[in-house]
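Make a model of the complete structure from these sequences and hints.
All the letters of the sequence shown, read from the start, carry residue numbers 24 to 223 under this note's numbering.
Source of the hints: derived by calculation from the structure; they are not laboratory data. Incorrect hints may appear among the rest.
With a cut-off of at most 35 Å between alpha-carbon atoms, the simulated DSBU-like pairs for lysine-lysine come out as follows [said to hold, decoys possible]:
(1) LYS144 with LYS180
(2) LYS213 with LYS144
(3) LYS184 with LYS104
(4) LYS45 with LYS104
(5) LYS87 with LYS122
(6) LYS184 with LYS120
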Amino acid sequence: MKFPLPQKKPISASSFSDARKKLDENIFKVLNQRIIAAHDTLAEPDNQSQRWLNHRLFAVDGSKLNLPRELIDHHYRTPSKDAYYPQGLLSCLYQLKSKIPYDFDLVNHGNERQCALAHLKTLTTGDVVVYDRGYFSYAMLYYHMQMGVHPVFRLQKNTFKAIDDFRNSTQTDQIITLLPTKETQRDIRKQYPDIQFKAL
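Here it is in structure tokens:
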């Protein structure tokens, strides 16, 4: 919208609504990136106030939202046969020190891990990401290690005996090797089957 502000006459609500309908949904991501760039420009040169032990600190969370009925045409589904409104998953990567949403997405599925992996593209080596329960998986851990991003997963008790033993000990840190169960190994093989290739 290229018109000078302020205007003598207010813009009518219907004109504003019509203009809003023409906006591409990606405008919100573009605006968010500009906000982040402006924030980073105004921040102190070494940006230490935005860091924890010299690491940028993030967290990921997702929320299911009821959405307008029309989004059924865009593959958003109702949570049950009796429900009228479809639901979507809003996933957000927050920068904790600045309290700025760093990346976000509204998707038509409920897979929080898939969204979290998509957020990884905005992170850099050395960043730390905190996750709530339900996010930990071997694939999540693998992709974080590949990118040099440090994940912190909150786990329920009795998830892994080795972790429970550490939690109950007096140690402050420990290297633990976690082996997937046979069922998890089968799931990993289904999602990431062996690849045959010719070495040259």
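May I ask which of the numbered hints given earlier this structure violates, with the numbers listed in increasing order? 3
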